[in-house]
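Could you put the whole structure together from the sequences, leaning on the hints where they help?
Everything in the sequence shown is counted per my numbering, starting at 1479 for the first residue and increasing by one.
Hints in this document: simulated from the structure, not taken from any laboratory. A portion of the hints provided could be inaccurate.
[To be verified] Lysine-lysine pairs mimicking DSS-like chemistry, simulated, CA-CA at most 27 Å apart:
hint, residue 1, residue 2
1, 1654, 1701
2, 1831, 1870
3, 1870, 1701
4, 1555, 1603
5, 1603, 1556
6, 1617, 1696
7, 1617, 1603
8, 1653, 1617
9, 1696, 1633
10, 1617, 1701
11, 1556, 1633
12, 1648, 1696
13, 1701, 1831
14, 1654, 1603
15, 1633, 1617
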Amino acid sequence: MISNFYRFRDFVRVDSSSMLFALESNQAYSPEASQTWGTQQLQSVRYIHLWHLSSVSATATVVVMIALIRRCRVVRKKIKKKIVKKVLEEIERKNRVGAACDALEDVVIEIGPVEKFLNEILNEKPMRFSSEQLAACTKNYSSELGSGGYGVVYKGELPNGLLVAVKVLKVSMNKKVQEAFMAEIGTIGRTYHVHLVRLYGFCFDADTKALVYEFLEKGSLEKYLYCDEGSTATRLEWATLHGIAVGTAKGIRYLHEECQQRIVHYDIKPANILLTADYTPKVADFGLARLGERENTHMSLTGGGRGTPGYAAPELWMALPASEKCDVYSFGMVLFEILGRRRNYDPCQGESKEWFPRWVWERYAQGEIEDVVACDGIVGDADREKAEMMCKVALWCVQFQPSARPTMSSVVRMLEGEMAIVPPVNPFHYVMESSSASTSSGLWSGTYQSSRDTTARESELSASPAAKSTDAMIEDVERAYASVLAKQSL
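Following this line, the structure appears as structure tokens:
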């Protein structure tokens, strides 16, 4: 019994799994059968151990392979995330403007009959045209209406027969300007007034940036004021010119004081005052001042090109802070041209009248305002009274200090005779406001330098402004200012 016990113990120590196998097989155990059973199982122990080692090795291999696969997946995910992130950033950058376009065009306006189209456009967002549509409606841009600092304007016709003016922009459009463009489209599209040119839609394709406006039959005020050689424009009656001045003032007043978001035009001039068939004025090109640098017909100023020489306020060409009073100044210069039916700067008029605004002030200061009225051939007491009021309003509008200029609301009321007009002060003698010679010298030094840089004068003064007399400094700056104004006739 003892020997059988030890034999069984040794067997269990050799391979206890065999005993477990026997027990799990429900085989009866007896000492007599233990030796036979043990002998049979010992032979299989070697195979079981070999299988066990093989299983361990295979398991380890599988574990390593799984670990490697998981590691590869992690690395691939990280690389993929980086690639996807870069792609998404690029897509987001390229589609930022496109998203703005989609926001504007989420309301589709069908081009139906003209009256229906006009009624719908008042309550909806501007339409988005494709470059192919614009090429079709302008007959491949075959009819040019004019060109300016922002681009070229072409005549077109929509499928419903409505005439339009397509302004193809030529401004440089970097990312910032593109975003500003879409913001301005939204602003202009929500701005409607009887004296503002209406925006119908826009094009923002890769190769075409354009604005689609209503078409104004009579063109710009410019061709009705100047007696240029070969001009066939009808001479307008004084009452019509006065109505154009008042209507233009109302349009600018709306931009400054009445629309949802205040808009400063920065480029009020006769070329941007368009006329309907019955000579109702409409201000054009408002809301485009933030589109960056334009062609060289405009002044290069801090914050982008703004204003046209001859109409731009001093704070623009002197790079001083600008406000809506810049438009008031420009409108005053337009009033002078309406009064004289001529360009403000005209060397052909003789030295005394070559700069018309200065000549108007001299006549007014000497009590000879009748001479100014006579320039327009005005007859009748009522018309002469309106002309005298316009003269005074113009002198107030072009005051050097922006704070001295009236608001456009006041301008409208004065032109319509609803507000008394205080006698204006000399708008061209502002150097005398300086309280000391040193202050005056500093002011005029900066003024002269800005004027000289803007007009690219060929000659320079050898003497320092501080060493000049007050009269000499006045003369220098007036010449420089006149040079700025002279650019309008080029």
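Hint-by-hint comparison with the structure:
1. 1654 <-> 1701: 36 Å, violated
2. 1831 <-> 1870: 18 Å, holds
3. 1870 <-> 1701: Holds, at roughly 25 Å.
4. 1555 <-> 1603: 44 Å, violated
5. 1603 <-> 1556: 44 Å, violated
6. 1617 <-> 1696: 21 Å, holds
7. 1617 <-> 1603: Roughly 25 Å between the alpha carbons, so the hint for residue 1617 and residue 1603 holds.
8. 1653 <-> 1617: 31 Å, violated
9. 1696 <-> 1633: 13 Å, holds
10. 1617 <-> 1701: Since the Cα atoms of residue 1617 and residue 1701 sit roughly 26 Å apart, the hinted pair holds (cutoff 27 Å).
11. 1556 <-> 1633: 56 Å, violated
12. 1648 <-> 1696: It holds: about 25 Å lies between the C-alpha atoms, which stays within 27 Å.
13. 1701 <-> 1831: 21 Å, holds
14. 1654 <-> 1603: 22 Å, holds
15. 1633 <-> 1617: With Cα atoms ~9 Å apart, residue 1633 and residue 1617 stay inside 27 Å; holds.
Violated hints, in rising order: 1, 4, 5, 8, 11; the structure is consistent with all others.
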